[in-house]
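Protein chains: 2
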Amino acid sequence: MLSKSQIKHIAALKLKKFREEHSQFIAEGHKLVMDLVNSEFSVAGIFASSGWILSNLLQTGERKIPVFETLPQEMKRMSGLSTPSPVLAVVNIPGPNPSPLGGELGRDSLVLALDDIRDPGNLGTIIRIADWFGIGLVLCSESCVDTYNPKVVQATMGSIARVKVVRCNLAEALSTLSGSTTPSGSPTPSGCIGGFPVYGAFLEGDPLFSQTLSHHGVIVIGNESHGISPELVPLITRKLFIPSFGTAASGKAESLNASIATAILCAEFRRKTIAD
Amino acid sequence: MLSKSQIKHIAALKLKKFREEHSQFIAEGHKLVMDLVNSEFSVAGIFASSGWILSNLLQTGERKIPVFETLPQEMKRMSGLSTPSPVLAVVNIPGPNPSPLGGELGRDSLVLALDDIRDPGNLGTIIRIADWFGIGLVLCSESCVDTYNPKVVQATMGSIARVKVVRCNLAEALSTLSGSTTPSGSPTPSGCIGGFPVYGAFLEGDPLFSQTLSHHGVIVIGNESHGISPELVPLITRKLFIPSFGTAASGKAESLNASIATAILCAEFRRKTIAD
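Line order of the protein sequences matches chains W and A. For the first sequence, our numbering assigns the number 4 to the initial residue and increments by one for each residue that follows. For the second sequence, our numbering assigns the number 4 to the initial residue and increments by one for each residue that follows.
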């Protein structure tokens, strides 16, 4: 049986304020919890039914993770799901990375840069798309929805355990990646990363399917309603749009959802990488 | 000022039971309402702020739609949104179509067939994707979430006004479209539609990007957790999968969200249509 203060602490992690205060977030469901257990994340504790605990003793024991038997009515009070799962993990939020853009980007690396994505479902789905297409780094503007919002975490379906999500000043990050300037604005010293073309998703520009696309680059995705911020537009070297179909008479959709546009762009970059 | 019974009637349309009883659904927000006003749907009434009514007199008047001035506190009681819009429409659900598959399908027609899509956001997003890619017909299995669920309607972002969504027995519809049998199971009479290849999204099969795809066909998308039902699998002539990328060491996403997979498939069919 859990203490009242344990239950209160975990339930409070649904709120950003408490996640920031305690540097912890919650993840629910067997797959998501096990993906996090088997990742570089540090899992502070697992709260689960006795049945779940028995079936997963080996893996949680190996990692020396504290496990707490949890009754259904306790889970209900902590869970953010309408139908709680038998398992919930409290996970430590990793500290800031001293060189988030350094070292890991190779010649075939794609990076996603999300400018003011506000919908938790979109952010989680985009992290899952990145994982599917082997994109290891997702940059988020400071104004994006919190990465550790429970709805984001759940929508990643475990991909949050494998994709590095870095919150940063996007203008500085794009300048660094494209190699025009260092974050401080001075010219890039030799040896620094750079030379990444910066692609952006727009409602006008070069039609996606007929373009030559590089194997590496940054793909910028804008806000659900307002697209890419005006201050980032000058940093984009190639404006891409996804061609629509349909007859003028009946009108047509004005845009695609942000995560849908991301998926189509990532698929096309990877298709061209295979084809080349 | 609205009557209590008007407010109660409209608020009740959030529930499937009342939508079916009254054959009506609600749509909120300027774009969605105007898309429906300018479509074949019959709009039973518009409930809006005085400001909205003044700005849109011409279009609502032309269509002879009853308009009711609505106070913010009244809107709050009827709306399904956390931040209500200044306009809400009550729309009549169209009656069953006597020949839903007839007449409108040409040589370049793609049809989407959704097998047991349960998430309202997914269904709405898929209808929006269909609209973007000029797909005029979406078939839904009887077990799919209700097309007129407010979350579905809102997620279509107006595309529900342009895409025909037909609820039917998918096995019968696929047989009819592929032309192997009529709905009753007897051989297809000449003149009946048919000859549509039936593609399905699977986690294994032919890799999407390297396949020859026809300009016309049915694309079957399965349930979010369980994929395509076993009884539909024999009706599928081409199993397609979306190739994933990434290193085995870190694991990878097990699947893509249903609406994401739909988008990548539709984009690739249309890309090949342009390229041919």
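Worth double-checking, as some hints may not be accurate.
To be verified - Each computed PhoX-like pair below joins lysine-lysine, with the alpha-carbon atoms no more than 25 Å apart:
#1 167(W) <-> 11(W)
#2 19(A) <-> 34(A)
#3 34(W) <-> 19(W)
#4 20(A) <-> 154(W)
#5 242(A) <-> 275(W)
#6 255(W) <-> 275(A)
#7 242(A) <-> 19(A)
#8 154(A) <-> 17(W)
#9 154(W) <-> 167(W)
#10 242(A) <-> 255(W)
#11 34(W) <-> 20(A)
#12 275(W) <-> 34(A)
As the list claims (entries may be wrong) - Facing chain A, from chain W, some residues (calculated, C-beta under 7 Å):
#13 32
#14 121
#15 123
#16 128
#17 136
#18 162
#19 233
#20 236
#21 248
#22 255
#23 260
#24 267
It should be emphasised that the hints constitute simulated quantities derived from the structure, not laboratory data. The structure displayed is predicted, hence computed values, not measured ones. For each residue, glycine too, the CB sits at the ideal point set by N, CA and C.
Results of checking the hints against the structure:
| no. | hint | result |
| --- | --- | --- |
| 1 | 167(W) <-> 11(W) | 29 Å, violated |
| 2 | 19(A) <-> 34(A) | 24 Å, holds |
| 3 | 34(W) <-> 19(W) | 24 Å, holds |
| 4 | 20(A) <-> 154(W) | 28 Å, violated |
| 5 | 242(A) <-> 275(W) | 22 Å, holds |
| 6 | 255(W) <-> 275(A) | 21 Å, holds |
| 7 | 242(A) <-> 19(A) | 34 Å, violated |
| 8 | 154(A) <-> 17(W) | 23 Å, holds |
| 9 | 154(W) <-> 167(W) | 18 Å, holds |
| 10 | 242(A) <-> 255(W) | 29 Å, violated |
| 11 | 34(W) <-> 20(A) | 35 Å, violated |
| 12 | 275(W) <-> 34(A) | 36 Å, violated |
| 13 | 32 | 12 Å, violated |
| 14 | 121 | 13 Å, violated |
| 15 | 123 | 11 Å, violated |
| 16 | 128 | 6 Å, holds |
| 17 | 136 | 5 Å, holds |
| 18 | 162 | 5 Å, holds |
| 19 | 233 | 23 Å, violated |
| 20 | 236 | 23 Å, violated |
| 21 | 248 | 3 Å, holds |
| 22 | 255 | 6 Å, holds |
| 23 | 260 | 6 Å, holds |
| 24 | 267 | 5 Å, holds |
In summary, the numbered hints that this structure violates are 1, 4, 7, 10, 11, 12, 13, 14, 15, 19 and 20.
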